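K.L.:
As a plain string of letters, each chain reads:
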Amino acid sequence: MSAKIRWTGAVLGVLGVALTLVLHWMVFFWVPTERTMGVVQRIFYVHVPAAWVAFMAFGIVAVCSAVYLWLKDERLDMAAVAAAEGGILFTTIVLLTGPLWGRVAWGTWWTWEPRLTLTLLLWFIYLGYFLVRSSTENPQRGKRFAAVVGIVGALDIPLIHLSVQWFRSLHPAPVVMRPAGPSLHPDMLATLFVGLGAMTLLFFSFFLYRYGLERVSQGLLHREVAEGRTPQPEGVLS
Amino acid sequence: MREYLRQVGALVWKDVVVEYRTRERVAAMGGFTILVGILFNYAIDPTAVEPQAIASGLIWMTVVFGGMLGLGRTFHLEEEEGAFQGVLLSPIPRDALYLGKVVANFLILTVVTILVFAVFALFFGLEFGRHPLALAGVVLLGILGFVAIGTLFSAISARTSMGDTLLPILVFPLMVPVIIYGVTATSSLFAGLPASEVEGNIRMLGAFAAVALAAGAGLFRYVVEE
Amino acid sequence: MESSASPSQEPVPGEASEPVLEARGLVREFGPIRAVDGVGFSLGAGELMTVFGPNGAGKTTLLKVLAGALKPTEGSVRLRDRELRTGDPDWNRRIGVLSHQSFLYGHLTLEENLRFYGKLFGLLDLGDRIPERLAQVGLEKRAGSLARTLSRGMRQRLALARTLLHDPEFVLLDEPYTGLDAHAAAVLRGVLTSLKDGRRTVILVTHNLSQGLELADRVAIQVRGRFVHLGPRDSLDLPSFEHFYREKVEKEEAR
Chain A
1 MSAKIRWTGA
11 VLGVLGVALT
21 LVLHWMVFFW
31 VPTERTMGVV
41 QRIFYVHVPA
51 AWVAFMAFGI
61 VAVCSAVYLW
71 LKDERLDMAA
81 VAAAEGGILF
91 TTIVLLTGPL
101 WGRVAWGTWW
111 TWEPRLTLTL
121 LLWFIYLGYF
131 LVRSSTENPQ
141 RGKRFAAVVG
151 IVGALDIPLI
161 HLSVQWFRSL
171 HPAPVVMRPA
181 GPSLHPDMLA
191 TLFVGLGAMT
201 LLFFSFFLYR
211 YGLERVSQGL
221 LHREVAEGRT
231 PQPEGVLS
Chain B
1 MREYLRQVGA
11 LVWKDVVVEY
21 RTRERVAAMG
31 GFTILVGILF
41 NYAIDPTAVE
51 PQAIASGLIW
61 MTVVFGGMLG
71 LGRTFHLEEE
81 EGAFQGVLLS
91 PIPRDALYLG
101 KVVANFLILT
111 VVTILVFAVF
121 ALFFGLEFGR
131 HPLALAGVVL
141 LGILGFVAIG
151 TLFSAISART
161 SMGDTLLPIL
171 VFPLMVPVII
181 YGVTATSSLF
191 AGLPASEVEG
201 NIRMLGAFAA
211 VALAAGAGLF
221 RYVVEE
Chain C
1 MESSASPSQE
11 PVPGEASEPV
21 LEARGLVREF
31 GPIRAVDGVG
41 FSLGAGELMT
51 VFGPNGAGKT
61 TLLKVLAGAL
71 KPTEGSVRLR
81 DRELRTGDPD
91 WNRRIGVLSH
101 QSFLYGHLTL
111 EENLRFYGKL
121 FGLLDLGDRI
131 PERLAQVGLE
141 KRAGSLARTL
151 SRGMRQRLAL
161 ARTLLHDPEF
171 VLLDEPYTGL
181 DAHAAAVLRG
191 VLTSLKDGRR
201 TVILVTHNLS
211 QGLELADRVA
221 IQVRGRFVHL
231 GPRDSLDLPS
241 FEHFYREKVE
251 KEEAR
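Protein chains in written order, with our numbering: chain A, 1 to 238; chain B, 1 to 226; chain C, 1 to 255.
The reader is advised that the hints may include incorrect statements.
To be verified - Listed next, with one range per pair, are the computed distances between beta-carbon atoms:
#1 A135/C with L35/B: 45 to 53 Å
#2 E74/A with R78/C: 24 to 32 Å
#3 V22/A with H76/B: 51 to 59 Å
#4 I44/B with V22/A: 51 to 59 Å
#5 G138/C with L35/B: 45 to 53 Å
#6 L140/B with G38/A: 28 to 36 Å
#7 N208/C with L35/B: 51 to 59 Å
#8 P158/A with N208/C: 51 to 59 Å
#9 W112/A with G192/B: 42 to 50 Å
#10 V104/A with M61/B: 30 to 38 Å
Claimed, not checked - Derived list of chain C stretches under chain B, where covered just means 3 residues or more per stretch with a C-beta under 8 Å from a C-beta of chain B:
#11 65–76
#12 80–93
#13 190–203
#14 217–227
Keep in mind that the hints were calculated from the coordinates and are not lab data.
Quantities reported herein were computed from a predicted structural model and do not represent experimental measurements.
Positions of the beta carbon are idealized from the N, C-alpha and C atoms, including for glycine.
This is chain A alone, in the form it adopts within the complex:
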């Protein structure tokens, strides 16, 4: 792995971990408690930043996929898959913290809250991306197909968001997962931003390492094929 990637990844990772520690301190010891929901509301400082990162990651997947199809540079595909893996990880965090919060705060695991629903659908779009990528005979095809899935998914997400919000407006539910009142107390806002910073740093650290790993792995695969130690991928020389 290139030293630059490794080094940058390490720095981001260390900063991310440090900021996460700060975040935890803030969440547990510093930030004031929210009035209506009590202590459990603090999960919000993990839940919301994770959601931001999950969607940002998918944006990266979509952009890298589009440029990959256009320029055919393999590194863009590597970036897309690295972003996708980080993205699905943070999406899972959102889907775990959301119901936890709901269960403790309101006694129900799931409430069809529009943003949570959107995140659940995002998780499945990520799943589609990975399944398509890994289930082709010819790996190059898998990469192209996954890129198409990524692009179409990204185009659809705003439409899904609109529709789900609209549906909720028709059928209002008793609970609304609003983080706090109409506006956030400055201390809460600060904690939120620290959380956002921490998660973003961690994501990019992960992203860089994963990208570097993919580059090494593709390079190794190329060498093995060229030296005849591994059978050529199917459908290449038919």
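Start from chain A and add chains B and C according to the hints.
P.N.:
For chains B and C alone, kept in the frame of chain A given last:
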């Protein structure tokens, strides 16, 4: 432009004729529809729930599930004698190829949808409201969006080892807007509300279909070419 | 028998008056594999070149590049004055491809199959053209039958009619005799001979030495992506060619 239309027309004609002679997809989807209607009759307790109330949802779900059966087969007949390669070696632009497939699938699914409505009207005595044109608009736009996405992804799934089982995973998450806008509008129309109530829905369905078609036409070449 | 020691990047001058089809330095990579590795040749009008080679030599990949279905990593192909750009519909109009798969729709009649392809190619005089092509391959009596009722040999003939429907200048044949019995092969051979009418340039790809040698004006041997031989057929007979071929292949594969 003229030639483009002739090419698309040739594709649509070919698919429709082949379907007419084999009746493969229509039979599968049609049979599915009727059987689902029967199952629903036993799955829903008529004393607890008024079928009319949930008819809209049932109809759309039946169309979507039945449609998946047919969409998955879009590219299978092309594989028999490698015909698809022959088509790719012709001067037809890739977006024309995609549009031809979409139109053919749209026509086939429309036939099936009419059957679905007939079955549900028959089995559950449903009333379709006073605005058949608006209803048709809602349903047709919904089908168009569905087919636009499904055709693109069936070209992908046909080339994976998972095949047709992958198709619902790819398509269903993206169909949520169509279901939401489509079912709500259909319910409103069934309940006798005026057509103006569903204008917004029709616009959103139209927007979805437009985005899906544009994306499909633009991305299809990356799916079928090396 | 003339043989080039180093496979050509430059076109080999031949008996052709002026080259109609020229390929230079064609390379096609799949990741680290060079399926086509620096292929070049030049053909005149009316010439037929057979490309021999063992399985996996890259013959079909070469064919796909020439057909415009695969983009070459390096190199160029020119047909008369025009350079091939992959996916260019005009290129597709000027070539015809006959594969071992017939590219036919079993549930359409012969006439409908040709009509479909005719429309894809933007042809307008199909009413006259189709019966003519069917007659050329001896299938005019079966015009109204469904394609799936044809035997394999007849299907290949229909496929050839389809290939020639739009009057391509350049015809590619990919193992056309596959699956044909001796009689059907003989019929096909007769029809293919008529291809050599002085107007078209033909490339035939096969691993069958005797079938490939019969019609060839020029001969190429491809092993591991490269042309290890390219030259005129001369008056070579089959046994000497077989020997020559085996020598060349073994030598290359030992490297």
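K.L.:
Could you tell me which of the numbered hints above are not met by this structure, giving the numbers in increasing order?
P.N.:
6, 9, 13 and 14
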